[in-house]
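The residues making up each chain are set out below.
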Amino acid sequence: MSAKNRPYDSVPPHGWWRRAIADISASDINPALRGDFKITPEARIATAGSCFAQELSKAAAERGYESYVVEKGPLGLSEENRLNFGYGLFSARYGNIYTTRQLVQLLDRAYGRFGSADRAWRGKTGYVDPFRPFIQPEDFISESELLADCEQHLGYVREMFENMDVFVFTLGLTEGWRARSDGATYPLCPGYGAGTFNPEKHEFFNMRVSDVVADLEYVRERLSELNRDAKILLTVSPVPLVATATGKHVLEATAYSKAVLRVAAAEVTAAHPSVSYFPSYEIITGTFSTDRYYSQDRRSVTQEGIDHVMRCFFASYSDTSEPLQERQGAAVENDSRKEQREIIKKDLSSICDEERLLEILASADSAKT
Amino acid sequence: MELPVSFIQNADLESLDPNTELRFVHILGDSQALIYDGLLGKYYDNDDKIIIFKFVTMHCPRTREPLVDSHYQKLVRDDILNAVARIGTLRQQGLTGDVLVFSDGSFQMHDFLYARGIVNDIDFEEPGRVVPRDTSRPIVPYALIRQEVKQQLAKLELGSFLKVMVNSGFPIGFMVPPPPPHKSDTVINEPHESFRPEGRNMPIIPLLTRTKVHRLFINEIEAICSGEGVEPVNLWDETTEGHALKPQFELDGAHPNRDFAMCVGARIIERTVAIERGEKDVG
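Chains as they are written, first to last, in the working numbering: chain A, 52 to 420; chain B, 182 to 464.
I should point out that these hints are in silico values taken from the structure, not numbers from a laboratory.
Label pairs and their in silico Cβ distance ranges:
| no. | chain 1 | residue 1 | chain 2 | residue 2 | range |
| --- | --- | --- | --- | --- | --- |
| 1 | A | Ala322 | B | Ala404 | 54 to 64 Å |
| 2 | A | Lys123 | B | Cys444 | 34 to 44 Å |
| 3 | A | Ser261 | B | Pro308 | 41 to 51 Å |
| 4 | A | Ser195 | B | Asn200 | 52 to 62 Å |
| 5 | A | Asp159 | B | Asp302 | 22 to 32 Å |
| 6 | A | Gly298 | B | Gln332 | 39 to 49 Å |
| 7 | B | Val368 | A | Gln203 | 23 to 33 Å |
| 8 | B | Asp315 | A | Thr353 | 40 to 50 Å |
| 9 | A | Ser129 | B | Pro308 | 19 to 29 Å |
| 10 | A | Ala294 | B | Gly309 | 31 to 41 Å |
| 11 | B | Asp302 | A | Ser195 | 15 to 25 Å |
| 12 | A | Arg173 | B | Leu203 | 56 to 66 Å |
Partial list, computed: chain B residues near chain A (C-beta under 7 Å):
| no. | residue |
| --- | --- |
| 13 | Pro308 |
| 14 | Tyr323 |
| 15 | Ala324 |
For each residue, glycine too, the CB sits at the ideal point set by N, CA and C.
Just chain A, same shape as in the assembly (with noise of 0.2 Å):
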């Protein structure tokens, strides 16, 4: 092989690790390198996932571009209900998934392809949806509400994934909870806040690469047919695992969850082109990054890191070099926005389940002790 001709001497900038990261300043580092698709502000992003997929709607709507929200709630609602109600977190009133599993049945929910025995659990004043146990902050008043309520929600979920322009999913977890009888997945383990926790009836799974990986084709072959144009982007959320239910040590368990969602992505985006991977994980959990992207919980993201996602994100994947609100220059934060990031701000466990599961675990642990 002639000098010239050297593997690595073609490797562009940000192929170098001193290049790309030593040598630059931390915030501007950005591994998301130009967008596989772009994303005008009037393409409909609907989003789903973890916790994190919120930050990423509300920064979206923020910079003027369309959170496609279908399932909106009533008009005239408070800001404060709105959210506490679980309209417009995501795009439908799903709350979140945590797994690929979960998404997968609530696709084929959607389409009447998947019907859970297990419909409505007894709550403490009356139902809780299994699937959405925390999408509202008091118990459905009856079943026939309950069932009503989800069966207008499936509707929403079928309308959004016909129409959205780019389906945003952040992966979460790999360990999950289901049904012995028919598989039906949980977004939290029975007995945590909602249901009652029976081992003859529910099992403990934890997803391989494979797993995601089916799941994932299967989600983006569905899509392919409801929607042929719609896009798909993943992330894998950063947030860490809150609790294991493996028997391994938490941080253990989080890199190998982290580590099979990463993958599972990478695999997926390797054999589709409407598939596309967003390196948020990675900005959050670089070298770089110190101690300034988690809290003091060492799990929760800081704002600061949020932002330096969102730059990252929308520097890739807009139509324009520069976020529409700078391009603008004109905030176009209007004040329902405003006030539903204060409320978020001041309330964040209301509105993430696996917060609510965190809360409900340190009581149960501190009540050990």
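Given the structure of chain A, go ahead and fit chain B onto it with the hints provided.
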């Protein structure tokens, strides 16, 4: 057999029989309170003693500014507090009776129904499903509507007014919640001097939805009353048929008539006498 309470058209209060006692019932509140003004209720005691209850309304109008305006809220608050104080002063001077009634919540309810837009296009299920749900409209969880109603009522500061009422020295106090809805979905749109100008083009909200909103407001007002130790006067069952106000009680789209006032007035008189005799509410 003569009922213990009847209403009379006129009475020469200056020349009452020595065996007849004159009492005053002060009704304080929004426009719903006006229907009681001047009612004369006659109560026959077991010992053939006659008590005449004269209803006097102190209206705190709500027609000046939008409800959401904080300045306006303060005006309403001041109005109500001043009214309680005025009645209290009259009572100290021996010029008035012992019964104070707060009739309110209707204005907040109409604002919720016709200005906020929350139930314009949706329906909801109520506990027990006494009033059915319109399945052709999108469903919204009852818990969400209840939260919104609570927030709407919080603007009225009902709890604090009831506290003032309880602490104002009147031995007996009642709360009259909003009346049942008119059966017509559109009569609310008909011009009427007592409606706000913006009410002329109010949205059309079907009866069953309106009924459930009325019931929710009444339930929440009753819960506030319970917390403050004030007895609510709710004659829903007696004054409705087909989930709406009985036709004989209709006045306009927002208010019931004098006959309705007499039903409520009779209950207030009966309960006043019962309370004074140490009887507990069995209603």
